[in-house]
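Asks: Following the hints, put chains B, C and D with the ligands in place on chain A, whose structure we already have.
Chain by chain, the residues run as shown.
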Amino acid sequence: MTGDEKVLEKTLAELSHPGRVAVTLPCTESDVASQIPRELLRGELPLPELSQLDVVRHYTRLSQLNWSIDTHMYPLGSCTMKLNPKVNDAVAAMPGFAEAHPMQPAEDVQGALAVMYGLQRQLAEITGMADASLAPLAGAQGELAGVLVIKAYLESIGEQRTTILVPDSAHGTNPATASMAGFDVVAVRPQADGDMDLDALRTALEEHGPTVAALMITLPSTLGLFDRSIVQIAEMVHAHGAQMYGDGANMNAMTGQVKPGDLGFDVMHINLHKTFSQPHGGGGPGAGPIVVKAHLVPFLPSPHVERVDAGMQPQSPNPIQQRGTSRSSIRRAASSVDHEGNQTLPGTGNTEATLFRLVDPPYSIGKLASFHGNFVVLLRAHAYILSLGADGLRAMSGAAVLNANYVQARLRDAYEVAHDRSCMHEVLFSGRKQKAQGARTLDIAKRMIDYGYHPPTIYFPLVVDEAMLIEPTESESKETLDAFCDAMLAIAHEAEATPDLLRDAPHAAPLRRLDEASAARKPVLRW
Amino acid sequence: MTGDEKVLEKTLAELSHPGRVAVTLPCTESDVASQIPRELLRGELPLPELSQLDVVRHYTRLSQLNWSIDTHMYPLGSCTMKLNPKVNDAVAAMPGFAEAHPMQPAEDVQGALAVMYGLQRQLAEITGMADASLAPLAGAQGELAGVLVIKAYLESIGEQRTTILVPDSAHGTNPATASMAGFDVVAVRPQADGDMDLDALRTALEEHGPTVAALMITLPSTLGLFDRSIVQIAEMVHAHGAQMYGDGANMNAMTGQVKPGDLGFDVMHINLHKTFSQPHGGGGPGAGPIVVKAHLVPFLPSPHVERVDAGMQPQSPNPIQQRGTSRSSIRRAASSVDHEGNQTLPGTGNTEATLFRLVDPPYSIGKLASFHGNFVVLLRAHAYILSLGADGLRAMSGAAVLNANYVQARLRDAYEVAHDRSCMHEVLFSGRKQKAQGARTLDIAKRMIDYGYHPPTIYFPLVVDEAMLIEPTESESKETLDAFCDAMLAIAHEAEATPDLLRDAPHAAPLRRLDEASAARKPVLRW
Amino acid sequence: MPAIESILTTQTRSDVTSEPVSPVSVDQHPYIPMTDADRAAMLAAIGVQSCDDLFTDIPEAYRRPPLALPDALSELELLVEMRRLAAQNRTAAEYACFLGAGAYRHFRPSIVDPLVMRGEFLTSYTPYQPEVSQGTLQTIFEFQSLVCDLTGMDVANAGMYDGASALAEACLMACAVTGRRRIAISERVHPNWVAVVQSYAHGRDIAVDVMPHGALAPTEAHACLAVAQPDFLGRMSLDAAAWGDSAHAAGALYVVAVDPISLGLYRPPSQYGADIVVAEGQSLGVPLSFGGPWVGLFACREKYLRQMPGRIVGETVDLDGKRGYVLTLQTREQHIRRERATSNICTSQQLSALAASVYLAALGPQGLRRVAELCYERAHYAADRIGAIAGFEVERDEPFFQEFVVRTPRAAAEINRALIERGIIGGLDLSDAPRDRLLVCATEMNSRVEIDAFADALAGIGGAR
Amino acid sequence: MPAIESILTTQTRSDVTSEPVSPVSVDQHPYIPMTDADRAAMLAAIGVQSCDDLFTDIPEAYRRPPLALPDALSELELLVEMRRLAAQNRTAAEYACFLGAGAYRHFRPSIVDPLVMRGEFLTSYTPYQPEVSQGTLQTIFEFQSLVCDLTGMDVANAGMYDGASALAEACLMACAVTGRRRIAISERVHPNWVAVVQSYAHGRDIAVDVMPHGALAPTEAHACLAVAQPDFLGRMSLDAAAWGDSAHAAGALYVVAVDPISLGLYRPPSQYGADIVVAEGQSLGVPLSFGGPWVGLFACREKYLRQMPGRIVGETVDLDGKRGYVLTLQTREQHIRRERATSNICTSQQLSALAASVYLAALGPQGLRRVAELCYERAHYAADRIGAIAGFEVERDEPFFQEFVVRTPRAAAEINRALIERGIIGGLDLSDAPRDRLLVCATEMNSRVEIDAFADALAGIGGAR
Ligand SMILES: Cc1ncc(COP(=O)(O)O)c(C=O)c1O
Ligand SMILES: Cc1ncc(COP(=O)(O)O)c(C=O)c1O
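So the sequences go chain by chain: A, B, C and D.
The opening position of the first sequence corresponds to residue 1 in my numbering, with each subsequent residue numbered one higher.
The opening position of the second sequence corresponds to residue 1 in my numbering, with each subsequent residue numbered one higher.
The opening position of the third sequence corresponds to residue 1 in my numbering, with each subsequent residue numbered one higher.
The opening position of the fourth sequence corresponds to residue 1 in my numbering, with each subsequent residue numbered one higher.
The shape of chain A in the complex, shown without the other chains (with noise of 0.2 Å):
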């Protein structure tokens, strides 16, 4: 009941009064706009004005408007809402990485160099690959990059393909990027059981036969699978001189269980934002780091980070003695194992030693973003793979497989399994029981807003109708699952009962559902 009923909150410039500020701020020293020529000067600046609370206020409530993994199970198939450990936020606010300034001398950033190393290596070794780049600030930029590298590939070896494979069933960014990379995209059907389906495969390679550049494929795929004769697929591209482009944004389901590398592919992005636990920030940021095999490398993005051999490695004095005068005599003696398990140098504080660098790749696509990738989604990342391990990777995917088969297991009874085998760390259903019962999918999704669930992926695969995609990853506990289970099972007796409820759905939301037809047909986009 906070005032106007109509409006959960106020916008900013609802809020304003002039004459408010929220931040103080020292003062000039002379009048600066008498110094400016008049053509350049600004006239009035009409942003909004209020005070410190009101905008604490503001941000506060708004924020308890949203779901998110810190309140809420939110099993969105595809996007891998996991656990953001709060202690990858201590290190990303630490002010030695906070404060680096993207221009900086090499010696002077080592510290944020061996991070980007030590992750391009950890991604390289989790992945089968021979090296990673981390250039790319999103999946979708990493799949421009690697598709990029495979044109300037082929480009050096004298090929001219056009043609990039996307099966149907792919993420609306491998169509949308291949084109963005000047190829034309050619769609392949998946079979029935959900794998790809080999004849179509090898009759498209033949009928756009040298043209084709690369299939770009999703693994698991995005109906939850793997693809059991993904081998053979990549000898078939191979044997067409095609290279095989893998969408990595399902790589929480393989960690640990089996390299891409070795299956065949040849280059990969990598959503740090899903599998490595990057906190979505509401529509990001991300990044979506490629890998690739030897063939690839020279072609990656710039910068790309280089470890040169270390040889002048200082003395290591007494920590202790050396304390009190000079502090870079205690970092000189910081010198440990990197996290490929090499020795490295010191800590260079304040000596001359250079063990990482910034190059550019020989025949390097060329850069993606104004400096050197998101780094504190790098930083985020590295810190996530050193806290788990080798194990722990293992254990992680482990355990979002099995609960994605847990919940199929346990569900499949109520609603109707898109393919009936084991699936990888989401299960895919479809809501055409319900649907023919008169709750659509879209239905089950709102409804189950009132059971305190985050809505699955629901429409997406588009070969699947009514496509309910759930992906509850390692971080939600058996009893989550089971109560999520139960909801779910509630839902389905209630969309055979009472199908209206579910229409009217959501009933406990802050609002219920929006008119987006008009706000597309009459875009109301600022105040």
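Quick caveat, the hints were computed from the structure, so don't treat them as lab data.
Every residue gets a Cβ at the ideal spot worked out from N, C-alpha and C, and that includes glycine.
With a cut-off of at most 27 Å between alpha-carbon atoms, the simulated DSS-like pairs for lysine-lysine come out as follows:
1. B:K478 x D:K322
2. D:K322 x A:K522
3. A:K10 x D:K322
4. A:K6 x D:K322
5. C:K322 x A:K478
6. B:K478 x A:K6
7. B:K478 x A:K10
8. C:K322 x B:K522
9. C:K322 x B:K10
10. C:K322 x B:K6
Some residues of chain B that are not near chain C, with every Cβ distance over 10 Å (derived):
11. L154
12. L198
13. D199
14. A200
15. P210
16. A294
17. V297
18. E416
19. K433
20. Y451
21. A492
22. A497
23. P499
Replies: Just chains B, C and D with the ligands now, with coordinates in the frame of chain A:
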């Protein structure tokens, strides 16, 4: 609808599941248990076991069940629920403060001592007293300290006084403190206009004559009024050889407007978690420094921060030239003006210079806390005062008083004003009229929740029946006050038209009214 | 601290003195939303000319006194100045630290701060309105339960100011329970805590007998016997149960002060006769912060419940039968009982209690035991290393937990001074001539490598003349 | 970084190599709640023997490969290790900093982080379900509005990856709008941004003509003319309007990249003909963080709305007529339009956009103008001081905002090296032989005292041989 509808949030014990942990720790390298005498060893340790996600969700969800300054107007009379500037939290988190050990030698904690000394001086200046002690951990402990100081002082001049006069409008901690300090409490009534009844005071003073140690009086009073005869009162009290104790919980009305020291107070406590914006944290921490006149200084609690005369001020070399060899040289250059405006010694980072030290006043009443008081609370208060400056502190009390009078003006026709005169920082209403209509003050308070406002302080002070003590503070904007007043007027109308609506309130809170009687009858105080 | 800071600072200050720093006229201060227009409108509504008209109750002569304080600092300048002051402290953030003596440096899991600092916890008041305070109320109920789990006692309150005042209140409570006016306390209780007990006791004119460790003999005159386990010097006594018996034999209550971390490894006081248990909660996820704010843990036997000081939260139901929590048994408290209240405590240390709850919830039994074991292991490793240095002797006559006493070959103060120059905060100087002694502490935060460095430093300093 | 850290670290690492660090068996990792008991029950429910049975779709030979990674670090050890690495960076946290060149150090008000880091913002996904995502959706609507206020443009999107990719997308959008396949861009745009435009353009086989500042002459072949104001060297051009006219004369779009802080003082691009405006949002309350995550601002004229890339939030009502916000105009996007989408962008940088919103809300018009004025004042003071040093020359042929070029008497790299030893991070080395040049930046974070120290240092170094 999250699970059990009868429970807003499960307890940690209900969420517990054997084997779970929320944080990892390093390994031990031996079997420690075997090294400890069996009779000292613990058997089972029945603590809850949760995953990190369990813990994060539990507390995040619980927090959302709270109302707070960051989410709602919170006009709790006598509590000064004002903005808590976020910058003060940033200061409190600085490692140089957060990791300072209370047992370190003075020369190693000059920064912390400088903060305490600065605050001692600021509080003395603001209140017009000779000096301050920051030891008391809350207002009530400040009261105890103040009364014990009076007791020690009187003893030192050979007086045996056993009575303390306390207006019956006083906060409960006043009489409770008086008896904790071993005094008998004699109550004095205010007169109709809210000021103290001088005749009653005279009678009391004469009746108890030489046994009266002090008058404990709150200024402005808990009625939200500035006692117009405060100066006479002080004279009368002093004339009888007794001391004036001031309860400074309401200092927010007086900063920069009047100095209690000028009015004749001998000792006063200040609630830093009220006037000086320490966040209340759901019930603390706070701090209750006391300020005293010169004759009471020798009796202050220990420790007290003393400033040693700055003789040997080291040279200030060019900060830059020395850089890289020793940071201390940089620090040494940080000469500056301290917060009273005096020239201070430079930071003593690595120098031997010691400007501030902890001392025990010669006739100290002793220690009140393990160490030096609630340092971080003191730190926040110091930062707050520096952020406002003299003008800001005066503007603060001015706005606080104007806001309260504005609320009084807007609501006076709907609710009975306890005293028909301009109030200070808070306004006292009586719900008599509404009670007659069938809605008690409690019902009005609960109804306010439905309108999105935290209820005011109710049924306090005890001397006005159906009391509603409203303190808006300077932090609330006119728009917020207007919306609040509109709600109060609507409620007054409801009380007349549909009192049941109030008696059933709240209707829009996480819970309806709770059964406090049975909670006290059969206490369930743990899982 | 960085050059940039100090430099900026000097400028900051000169700003302060030379020219108004506040960039906006005061009515536009970010903490005070009232604008000139607002003020005018409000004054009109009230029907007065100016703000001053609202202060006429203040005798003319005393109104608007001068305030000798510097001009406001902008937020940027404030942060620079505070960083400068913070940099003047030599803390465990930058130095190795072997100082304990009642304030312990332990690992604080990263989840504690982001949860405790959520605005809804941080900026709410004592939960007087339960319908909109269930967050705080449930966390208090859980805190009480955790304290009971930890100490093994029946009931606990919402927390006291700190460990020392909790002990003082416990002794006063014992007096109320027994109607006696003498307190017996062991000489081995932290001296600061004894001092606080004396301050509180002095108020009520109650006598405090500090008894020698060898002869803890409470009489019929004593309301309680108060001891510490571990004691001020870190020792774990085997006589704790016997002391309890002697107290009970004298009809006195047995009050035990414990280190909460030690309870991860050592048996709880409930198992050796304690009637009231108090503890300093700082070790449980609360930063050192130069001594506060911390929180006192307070637990006792059920039968003493109604004499217990402080706030207590109880479980109940709302009108719809939903579970909820409320402040309860308030008839003990000052706002109801006034001069007959069990204590005058009102605002306490809820946020620190919350931090302790999150800490315990995060560690669980496995984690707390692990921390206690690491403290034991590191402290004993340190004792072995130091004991092996010529001229240094570790007092080992009794078992200890994470702290121990070292006899030093030269003035302890000199040694500490030499240590700080080597980047190490040494132990507590216990020197009571003729003996030179250091009270040394090691926890899970002191790595073996660091302990080795400490020992090497002592070896280097020790001999030096 | 402190002794204690480094020391702890070495031990940490040895722990790692010598023995399992994880104190609990992996199924008890805090990030993975599943216990052995849970696993058994779930496997039974599924009807398989072991977890491995769930991975049989993976060809036998490839299952469970070895993973050459060190054992898990405990949280304590992780923090020690990360602090050690952080300490190896020489940053503006400890050094005076005069480096800009596309990454600017500005004051970040303290309210930004606690609000932005609230779990409900931090850990929510792209708002696909509006009923439970109004927090994020309204903040995006407000972000779009603030960007429009700032740039003076009609419409803005929810934000792009960063300024450089925003510029690249703007150029591709211009190609889509005009149907042309050449991009004209000024040589004075940040070289990294030009490089990103080239990468993106290469994908679609679009040509990029980098035009000399003196001759920005787009032709009928060009989809757009892209310029920067201020430009890479900090200069504010008086020809911005003329460039716009030349672009429009050629039927090309006029794309302008701006520094958002400069808009507090300088007129917005909407007033000199811009069709699309992009900017790097980092200056608006986002930390430097070695280059990311930041956020790209993207605004344009209404008529180009439907070719705009990225997410857009619109206002609407729910079934009860309550105001709400939703993702809208999604038919532009990849998940609907697939290979015909305006861009492939999906996950963007929402949290950084939120930080920028909070920043702008906190500063307001007074604050933003003040920051811009301080930057101007400090930068020009620095230029005056440095210009007065023998051997140093400041390029002043054009007006500048907060960055300027200095000709140095000796190799810029040597000068920077000497500066860092004096606690100062110098400017960007622009040296293009034979000239030695530094690009120097000063903002409100550089005090006059600090600038003086910088100048004195240059004077000392400059002469040196
Ligand atoms: C399968 C798949 N591929 C690609 C993407 C695109 O990744 P991003 O959103 O980081 O650009 C996503 C995530 O939405 C995805 O689920
Ligand atoms: C008038 C008055 N006096 C004393 C106190 C006690 O202060 P504290 O709660 O900090 O102990 C309060 C606050 O509750 C109060 O309002």
